[in-house]
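Protein chains in written order, with this note's numbering: chain P, -10 to 489; chain Z, 5 to 334; chain X, 17 to 374.
Simulated from the structure, these hints should not be mistaken for laboratory data.
List of simulated lysine-lysine pairs, BS3-like, C-alpha gap at most 30 Å:
{"no.": "1", "chain 1": "X", "residue 1": "Lys228", "chain 2": "Z", "residue 2": "Lys151"}
{"no.": "2", "chain 1": "X", "residue 1": "Lys208", "chain 2": "Z", "residue 2": "Lys159"}
{"no.": "3", "chain 1": "Z", "residue 1": "Lys72", "chain 2": "P", "residue 2": "Lys317"}
{"no.": "4", "chain 1": "X", "residue 1": "Lys104", "chain 2": "X", "residue 2": "Lys70"}
{"no.": "5", "chain 1": "X", "residue 1": "Lys48", "chain 2": "X", "residue 2": "Lys146"}
{"no.": "6", "chain 1": "P", "residue 1": "Lys69", "chain 2": "P", "residue 2": "Lys46"}
Some chain X residues flagged as far from chain Z (calculated, every beta-carbon gap over 10 Å):
{"no.": "7", "residue": "Asn67"}
{"no.": "8", "residue": "Thr171"}
{"no.": "9", "residue": "Pro272"}
Even glycine gets a Cβ: it sits at the ideal position worked out from N, Cα and C.
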Amino acid sequence: MSATYALEMESITKVFPGVRALDDVTLRVKPGTVHALMGENGAGKSTLMKCLFGIYKEDGGTIKLNGEVCHFKDSHDALKRGVSMIHQELSNVPERSVAQNLYLGREPLKSFGIIDHKKMNEDTANLLKRLEIDIKPERRIGSLSISMQQTCEIAKAVSYNSKVVVMDEPTSSLTDNEVAHLFKIIRQLCEQNVAIVYISHKMEEIFAIADEVSVMRDGKMIGTYLTEELTNDKLISLMVGRDANLRFPAVSSAIGDVLLKVENLCSPNPRSFQDVSFELRRGEILGIGGLVGAQRTELMEAIFGVRTTSAGKISLKGEEISSMSPRKAIEHGMGMITEDRRGSGIFPLMNISSNTSIASLREYLSKLGLLKHKELKQASVRYNEALRTKTPTMETLIQNLSGGNQQKVIISRWLMTLPDILIMDEPTRGIDVGAKFEIYQIMSQLAQQGKAIIMVSSEMPELIGMSHRVMVLCSGRCTGILDKSECSQENIMRLATKFM
Amino acid sequence: METKKLLSDGKRIASQYTTWVTFVGLLLLLSILTKGNALKWNSIRNLLIAESVRSFAALGVGMIIITKGIDLSIGYVVCLTASVAASFAQNPDYSSAIYAGQSFPLFVPIVAAVAAGGLFGLFNGYLIAYGKLPPFIATLGSMSIAKGLQLIYTKAAVVGSLNQNFKNISQGSVGPVPNLIIYVIIAAFIVWVFLRHTRQGTHFYAIGGNSQAARVSGINVERDLMMVYFYAGLLYGIAGTLLASRLGLANSLTANGMELDAIAAVTVGGVSQSGGVGTVSGMMIGVFTMGLINYGMSFLGVDSYYQQLVKGFIIIVAVYFDMKKYARRN
Amino acid sequence: MKKMVAILLVLALVCTGIFAQGSSESKSGSVKIGALIRNLNEQFVKDYADNLRKLAAEKGVELNLQDAQGDVARQLDQLNTLITQGYKYFVIIPQDTSATEQMAQQIKAAGGGASFSNIQPSVEALKVGKDFYLASSPELVAGQYQAQIIDEYFTKYPAKAPNKVLNILYLQGQLGHPAQISREAGLIDTLKSLGYTVNFIARDTADWSPDKAQEKMDTWLAAHRGKFNLVVAQNDGMALGAVESLITNGLVDNDPSDGTILTFPVIGIDATADALNSMDQNKLYATVLQDSVGQSSTAFELAYAMATKGTAYGMTAWGIAPAKEVISEAPANDAAVIAQCYLVPFKPVTKANYKDLM
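Generate the whole structure from the sequences, applying the supplied hints.
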């Protein structure tokens, strides 16, 4: 007889010195359903999952798998016993083939410990076929798109006969098409009676895929609801504990003169952006839309001087800038919040204060050329307070903050350079709803102060909700610039797939 | 979340002082084992003198490691700069002097050695910053070049018979305080001011912590990287001068293996191999901790074979904790 | 946390004070001798140190032996440490000749004396005072003995060196090492004075190491096969590396009548156990004994006499009287210090006598 629940976490409590990170949390997941786990960053979702996978030892409560009490030593142990996790970040070996990645650490062997590549590839091919994934097992996994790589990870989970699959923000780097494909696979898994725990911040996805939603807040389980019972606003208010009926603040700034003019900008790489032209005006928020691979980030990095260009002109306030570099960009009042916060945003082992002031040191030098530490710190405090960065002290290492607060520190960093133009590449990626809204508000205020913002985003609602105009890229070329009135998901999608 | 923050802050603070705690612990241990004999002023003076030259190398490589680099060429560059310094300080009547019959003012050996060190630093820095060579490989190459140049310059002979004025640079003292100790204090202070209070010093931490983010923040990563090797080269030049002056000679064996001593010392002192972390006080404590271990074991008459063993373990333990501390975050 | 550190520091200082007060410097009764040894990784040095330990145990001497591991700076630090610990009399294998004067001056300032072995001290070091002695074998002599062995061989087989032309593959020790310089000079000068034309087909350092010597030889044999008639190494380790290389490269005539089954004679220095074994198998042709027991015993007796009687000047140590006539190698080339030089003889080791040492 099969149990009613595939996974039961009963009254889990986890105490860290000083704080109850999990307080009597109960989560029950039925087989063959998608169970969304929602909550702001810091609500305790990841702590709960870490308890499940044995990374933390819970202080109280029990975990049952198919009705049996169990405790996993580590995630590998969990995997072997049918509980797997698809991470936000991919954890494959890019230089190896799809099959090799799927069977990493448990390769089928012939005698003498020789790997049976043939069997491995055949098994992989069968598996992929069953999941309707069209990839050759011999493909080098690093050569696949991010979404395909992610699908491979799901295939890996399936290959372990997983009964419970936890997905942590699986769509954070996927485009809408890819998300649709992922959902198809998720539904297939459900038909095979697999239980899915789906962690995401994206409301649209939850309503599209989840059967049930559990909401956590401040280490407590607020409740489990059938998706039909919920509305967008209700879910948000459950998560943040307050009404959040306004998703996007009004952006009512006056559009001024041209600050940035890009003309026929080309990348030396023929497969990257080519012949892109646009203008950015004071007080304007220009959205940049497109699918993954549309070369949006590459274009932004070129404008900021991180990448080289082969042709075209960039003019700032009417002055043409030759051979752009980040240094010149900053001197001319530009700032850039990069897409990859961990890779090119934060200095993980530096504190908040240093992370904030790093781009503005030249303005805080004494006559002897020494840094004015006191003033630097005061300024850092000022900017972070204005953005309401939540941190114990300014000396806290930035890596100990949540994603949203890290993002605020990075925005503070750029505001401290007193920029006129701010490029924000995926500014709300991996950030919880509350912080997202705050970042929207910041953007709106900045625009009102007469700053110009370029916002690259993969989230349609965000693009449409925040931008005055949206420029859409497809395969490195600008396929159109939409005014606010023309902005709709359909129009953007049509332009984004023009050359597909 | 709050707890995690508290926890990690607590750990960070504790780990910040592990180097101090280790040092003081060793000091106590040694004073007990030798019934206080090892810690008399004379002994401490010996220890400080013994570690003084290494301090310069450690300050140099410490800065480099902060930028997530490494320098394997220290030993032979110091050997080369020591030989250059010595060659301009030989007694003119010494028949096998490199510049026999010539005598130079005292500043010549110093300037020549510091210039030689600086040039090597620029060479390393250029290869690493602009040539994009991995620091390990670039400095491995320049290590061999430095060794070759040293052998060619000295014709593999000992550069000895140095004049007393030159020897007094290291061997003299101000009252009871040996000159060498004063130099170390000055150098450490300057490096401290530089790392803590200048823009470029701050940039070194940023580059080591996340070079991509540093570039986006408008830091001229290439120039700063080249400069850190240059500054380290200058320090190696000073180290070479002081070493030649202290030993009264330089030969092809001078300072051999100093790179490992210096790297081990700063690692023990909490300069992380993952980059972006490290303080001058840590570097100095690291140097003197290693010194104390050397000195203590030699004082207690521990067999040199075991000394090597103990040192090896200490380095491994230090790096182990370092990696645990930083590499596995997130 | 900062407070804790401060407290610990204070505690440490207090303890130091207490312990320092309570301790007394001199231990009455036992004789204390310090030994500063340049590098225990070398066979000769190790044998030397072992014999010192043996002698110290026999005489009940408190011996503190320090290994400089090849580093001059470390040796100076070790000297400082021992002086602080109250050691006055020393047996020293210096790391470098040029540092010996400084060492002697420090020892003199502490009111002590020292005997130097293996690596020659400078004349100035011996001039620091009458309590500084040389108890060593002049390196030149080792080279000279090698030359004599070579001469004997080619006198017996003149066809192997037509017109007294020697085409040598020469393996040097660490460049700049005094032994490397003197052994080479002794060899070349003596061969020339015996009427040979000396050509070095190849000459390079193998850093005293057998495996480096073997690699070097492999390269040379590929490049210079047939162009040489003799292999000389500055120590036995390298000579044995060369022997291995000759064998693997097939330069073997399997005719032991000339004393070696190799096509060319290989000659080393040191007479290590391995070398003697190799001679026994008719591989290595000959070597020169650097007498570790002789040197260490002489040096130890001098230091012991200073420690017990106050001076050792003029005494006979280990059956060796102070030298009377100057020789060409420093420091025994200066009449002013010749009475402080105890020259321990090298011994050529050939087929005739090697069994005595086994």
